[in-house]
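Student: Listed below are the residues making up each chain.
There are 2 protein chains.
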Amino acid sequence: MNKRAFKNKVYTELARITKSMANPHRLEIIELLAQGEFPVEQIAEQIHLPIANASQHLQVLKLAQLVEINRKGNFIFYRLANDNVFKTWKALRELGVERIDTIEKVVKEFRKSNFDLKSVTIDELVEKIKSGKVTILDVRPESEYNHGHITNAISMPFKDLSKRLKELPKRKEIIAYCRGPFCVYADEAVALLTKSGYKAARLEEGFPDWQIQNLPVEVTLN
Amino acid sequence: MNKRAFKNKVYTELARITKSMANPHRLEIIELLAQGEFPVEQIAEQIHLPIANASQHLQVLKLAQLVEINRKGNFIFYRLANDNVFKTWKALRELGVERIDTIEKVVKEFRKSNFDLKSVTIDELVEKIKSGKVTILDVRPESEYNHGHITNAISMPFKDLSKRLKELPKRKEIIAYCRGPFCVYADEAVALLTKSGYKAARLEEGFPDWQIQNLPVEVTLN
DNA sequence: AATCTATTCAACAAATTTATTGAATAGATT
DNA sequence: AATCTATTCAATAAATTTGTTGAATAGATT
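Listed in order, the protein sequences are those of chains Z and S. Here the numbering used here is used: position 91 in the first sequence is 91, and no number is missing along the way. Here the numbering used here is used: position 165 in the second sequence is 165, and no number is missing along the way.
Don't read these hints as lab results, they were simulated from the structure. Treat the numbers as computed from the prediction; the structure is a model and nothing was measured. Just so you know, not all the hints are guaranteed correct.
If several chains are the same, the list does not tell them apart, and a pair holds so long as it fits within one copy or across any two.
The calculated SDA-like cross-link candidates involving lysine to any residue, where the alpha carbons are at most 20 Å apart (straight line), are [what the hints assert, rightly or not]:
#1 K130 / N214
#2 K87 / I212
#3 K108 / T194
#4 K3 / K159
#5 K19 / Q59
#6 K199 / D116
#7 K118 / V97
#8 K72 / Q59
#9 K3 / L49
#10 K130 / K172
#11 K87 / E98
#12 K19 / K62
#13 K72 / T220
#14 K9 / E109
#15 K87 / R16
#16 K72 / G36
#17 K199 / R164
#18 K19 / Q56
#19 K87 / V97
#20 K19 / K87
#21 K3 / L32
#22 K9 / N114
#23 K19 / Q65
#24 K3 / P50
#25 K72 / I51
#26 K87 / Q213
Please work from the sequences and hints to get the whole structure.
Tutor: What follows is the structure, encoded as structure tokens:
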């Protein structure tokens, strides 16, 4: 094989992988699968897509070896093939937020007009944990919490939050987190908490960003 | 704006950026521009593309704000817009090498059948530098060396290497590097050096990978 | 073995991406 | 001001990607 044929082969393969990510629905699927494993039907529901279409996008990701499957009874669960998939999505996400004004603007405007709330970085949360006085709240659906969460975080899915407010301490600051920087559960939770007299802020990023930094996590066994 | 409209907007924008990278020629252009800035004609020549076609690909990257231009006299020089572009390319590259058997296999086979040589990682090179006994050889074209190189590296573009072999010490180990893991200059250099009785190995990755880790670099002023 | 059901497949039209060609343009240089 | 030239644009055909529909399938469950 000559030099040019070698390069063509390598870059064509890399473009193939890049293409498999280059679609809004597939990026959203990747972000979702960073939370754990899900059957097609749940993925389709989360992403607001017809099942057959979600399945097609999943085939694309599977063919590119970015996701793997795991059959349990009647259901086929999809999951990310490994950490590098999330790392690449994270790099793309950060590139987009930094480079494309539209994204930063849309995120800020959405947050501001709908919530206007405070947020903390992962580093800031680490400091708060060291100093002790903080309650960490996981507002994702319970199955995602069970699959992995920040050590000592309390699970309180957003849909249950209003009923379970009393369980939370009034004095300690509450940091709510969810799937990632574009996940709205944490915004909604902080808005509700603040309105109800709690001191609360959201974590800017999500659980997978915490996990990839090798910060302490727990898994719920069953 | 509601939740779904917000997410659609964000993921569509991120997919737009991803699409702008999702092409073999554009990935190769990004890797080249990680070495410095180049006019269209040089880019086209390096990538083996008609100029009009290279220009079109550059427009795609410019529209996505991944590259910027800089006019000098009659020429328009293209460069990466910032570090995150290289970081994302690096993430994609590592994902590809790890996930896609074809890539690893092609790289290994190409190296083995053509050269069968040794290589060292960036961490290993750092150790070798500490212990003193190593010569670092930059075999990229001189303009790329001038734009930025590993501190204390000697510039000896591969095309001049055979004439200038005598300038190199026989006893010290020589580590040659070039643009990145798919760049062949370093392989060719190590093959020639080894054949001529020098002790040589290539750096697995390239100068931009060194630079992004904040390891010591120099720029040639003029 | 028959049934059930989550998922995939197949086929199609619409939209997008790509390479090629030759002409147009912007902005230096003379 | 005229010329030169590196780069971009415009137009086209071919190839690829996308969403939709309804049927097919594989593998549990009964």
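Student: Work down the list of hints and note, for each, if the structure agrees.
Tutor: Outcome of the hint check:
no., hint, result
1, K130 / N214, "within (16 Å within a copy, 29 Å between copies)"
2, K87 / I212, "both (8 Å within a copy, 16 Å between copies)"
3, K108 / T194, "within (19 Å within a copy, 57 Å between copies)"
4, K3 / K159, "between (57 Å within a copy, 15 Å between copies)"
5, K19 / Q59, "both (13 Å within a copy, 19 Å between copies)"
6, K199 / D116, "within (14 Å within a copy, 63 Å between copies)"
7, K118 / V97, "within (18 Å within a copy, 40 Å between copies)"
8, K72 / Q59, "within (18 Å within a copy, 47 Å between copies)"
9, K3 / L49, "between (44 Å within a copy, 15 Å between copies)"
10, K130 / K172, "within (14 Å within a copy, 49 Å between copies)"
11, K87 / E98, "both (16 Å within a copy, 13 Å between copies)"
12, K19 / K62, "both (13 Å within a copy, 19 Å between copies)"
13, K72 / T220, "within (18 Å within a copy, 60 Å between copies)"
14, K9 / E109, "between (43 Å within a copy, 12 Å between copies)"
15, K87 / R16, "both (18 Å within a copy, 19 Å between copies)"
16, K72 / G36, "within (14 Å within a copy, 51 Å between copies)"
17, K199 / R164, "within (16 Å within a copy, 69 Å between copies)"
18, K19 / Q56, "both (14 Å within a copy, 18 Å between copies)"
19, K87 / V97, "both (15 Å within a copy, 14 Å between copies)"
20, K19 / K87, "both (16 Å within a copy, 18 Å between copies)"
21, K3 / L32, "between (40 Å within a copy, 16 Å between copies)"
22, K9 / N114, "between (48 Å within a copy, 16 Å between copies)"
23, K19 / Q65, "both (12 Å within a copy, 18 Å between copies)"
24, K3 / P50, "between (45 Å within a copy, 19 Å between copies)"
25, K72 / I51, "within (18 Å within a copy, 53 Å between copies)"
26, K87 / Q213, "both (10 Å within a copy, 17 Å between copies)"
Violated hints for the displayed structure: none, as all numbered hints are satisfied.
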